[in-house]
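Engineer: Produce the entire structure from the sequences given, and follow the hints as far as they go.
First to last, the sequence lines map onto chains A and B. For the first sequence, the numbering used here gives the first residue as 589, with consecutive numbering after it. For the second sequence, the numbering used here gives the first residue as -12, with consecutive numbering after it.
A few of these clues could be false.
Claimed, not checked - Computed list of chain A residues with no C-beta within reach of chain B, every gap over 10 Å:
#1 Leu608
#2 Pro613
#3 Asn777
#4 Ala824
#5 Met828
#6 Arg831
Said to hold, decoys possible - Among chain B residues calculated to face chain A with C-beta under 8 Å, some are:
#7 Arg(-9)
#8 Cys3
#9 Gln4
#10 Glu5
#11 Ala72
#12 Gln73
#13 Leu76
#14 Phe94
#15 Asp97
#16 Ile110
What the hints assert, rightly or not - Facing chain A, according to a computed beta carbon distance under 7 Å, are these residues of chain B, among others:
#17 Gln(-10)
#18 Gln77
#19 Cys101
Hints are computed from structural coordinates only; laboratory data are not their basis. Cβ atoms here follow ideal geometry from the backbone N, Cα and C, with glycine treated the same way.
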Amino acid sequence: MSDPVRWRDGGGAPGDLGALLADAPRSQPMSALDEARMAARIAGVAAAPVGASAAIVWLRRAGLASGVGVAVVVATLALSSGRARPPLPPGAHVPPAAAAPAGAHTESTPRETPNTLTPSPSGIVEVPVVPLAPSPVATPRDRRPTSRAAVRPPTPPAVTAPIAAPRPVDTMAAEAALLGRAQAALVNNPGEALARADEWASRFPRGQLAPEREFIAVDALQRLGRTGEARARGEAMIAMYPRSIYAARVRRILEGGR
Amino acid sequence: MLQRFGVRAGDLEDMCQEVFVVVHQRLHTCDPSAKMTAWLYGICMRVASTHRRRAYRRYEHPDDATDAVAPASEGPERRAMAHQAQARLQAMLDEVELERRAVFVMFEVDEMSCAEIAEVVGIPIGTVHSRLYAARRDLTQVVARWRARESRGGTR
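Structural biologist: Here it is as structure tokens:
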């Protein structure tokens, strides 16, 4: 069965549709910067336990594959057509945040901040390490920095005295590790999960996974029967991150569903 | 794929993350012996479908889609026209059912062959053809409706 003539190639499109299609841009693949930002955003999801280790390998494959294109399946097209890199074998390199072992304290590890995103030999773009301004106290306006902000170049500090260069901080990897531990404890030991979430909040008040953290905290409080605290914390979270996908899940928890 | 379902540039990151959340939650339902592309395609379609129904769908910044058609060096007039044309095309496509739309965009815009589309979506090639023809029929009707409206002096 042969393919029909495309409308954009003069195949009889009605009205101005042929011209519109001829000028339409193809679906855009992710830039290296978008890819790194997306990898950082999903790191928390990928770090969560999902059961069998084989399933985690599948998830990482899915996660890495989807980083190739703006949408997940753009990449899966490539898997079958050979236009992009193939799925990685188990044990292959994964983004550092997703692969961070529990207990890793990488935020204190000095690293160089790359000016450009450089694919590793395996083809995976490393998430840039971004220095963050010190923020000892969380305030109500302490909004979660978007991952877009996370890859912006750092702003010079407004001080007059000469100071040492800010130490690069990779909070995502450490946060992802804390996320994994908190999620692992949530069902059987919500008190432990809550403690992890609070530790997380005190260590990273401007953390990049703050909505995920607050979601776990609300869930843990609800499971502990501390419904008043759960509601207060949940409503604060919804007010601060109304467009987060976790806001909807917090609402469901507060309404008694899961 | 989310782009092919009509998710605008400004919403892509959020929707992509939603896809991952669903993948994470539903991973146990994925049959390793089946095509993962088709499984992910289904997830993307459901996420895009939910997004389409939401009241708060963000309207793209004019520059979101225009850069790919007319770079900044082309000047504001050309960019405005390009943006207007893209907005018109997207509005037409928005009136087509999602599965048909995705096949149509893959074929007409991304210039994939029907065999490639069948492979990605996980459907027989005959179904690709039928969805493509259905999308063309729908769009022909959309254009006719728009023409009638515009001839009456209405605007979109």
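Engineer: Each hint needs a verdict: does it hold in this structure or not?
Structural biologist: Consistency of the hints with the structure:
Here A/Leu608 does not stay apart from chain B, with its beta-carbon only about 4 Å from theirs, under the 10 Å limit. For A/Pro613, the non-interface assignment is contradicted: its Cβ lies about 4 Å from the closest Cβ of chain B, within the 10 Å cut-off. At roughly 21 Å, the least C-beta separation between A/Asn777 and chain B is larger than 10 Å, which holds for a residue marked as non-interface. Residue placement check: A/Ala824 keeps its beta carbon more than 10 Å from all beta carbons of chain B (closest about 21 Å).
Distance check on A/Met828: its Cβ is at least 16 Å (rounded) from any Cβ of chain B, clearing the 10 Å threshold; non-interface status holds. Listed as a non-interface residue, A/Arg831 fails to keep its Cβ farther than 10 Å from every Cβ of chain B; the least gap is roughly 7 Å. Of the supplied interface hints, the one on B/Arg(-9) holds, with its beta-carbon coming within about 6 Å of a beta-carbon of chain A, less than 8 Å. Checking B/Cys3 against chain A by beta carbon gives a least distance of about 6 Å; that is within 8 Å, so the hint holds.
Nearest Cβ of chain A to the Cβ of B/Gln4: about 5 Å, under the 8 Å cut. The hint holds. About 6 Å separates the beta-carbon of B/Glu5 from the nearest beta-carbon of chain A, less than 8 Å, and the hint is met. For B/Ala72, the suggested interface contact is upheld, since its CB lies about 6 Å from the closest CB of chain A, less than 8 Å. A cut of 8 Å between beta carbons decides the hint on B/Gln73: the least distance to chain A is about 7 Å, and the hint holds.
Because the beta carbon of B/Leu76 sits about 4 Å from the nearest beta carbon in chain A, less than 8 Å, this interface hint is met. Interface restraint check for B/Phe94: the shortest CB-CB distance to chain A comes to about 7 Å, inside 8 Å, so the restraint holds. Taking 8 Å as the C-beta cut-off, the interface hint given for B/Asp97 holds, the closest approach to chain A being about 5 Å. At a threshold of 8 Å, the smallest CB-CB gap from B/Ile110 to chain A is about 13 Å, leaving the interface hint violated.
Because the beta carbon of B/Gln(-10) sits about 4 Å from the nearest beta carbon in chain A, less than 7 Å, this interface hint is met. With 7 Å as the threshold, the beta carbon of B/Gln77 stays out of range of chain A, its nearest partner Cβ sitting at about 9 Å, so the hint is violated. The restraint placing B/Cys101 at the interface with chain A holds, with a minimum CB-CB distance near 5 Å, inside the 7 Å limit.
Of the numbered hints given earlier, the model fails hints 1, 2, 6, 16 and 18; all others are met.
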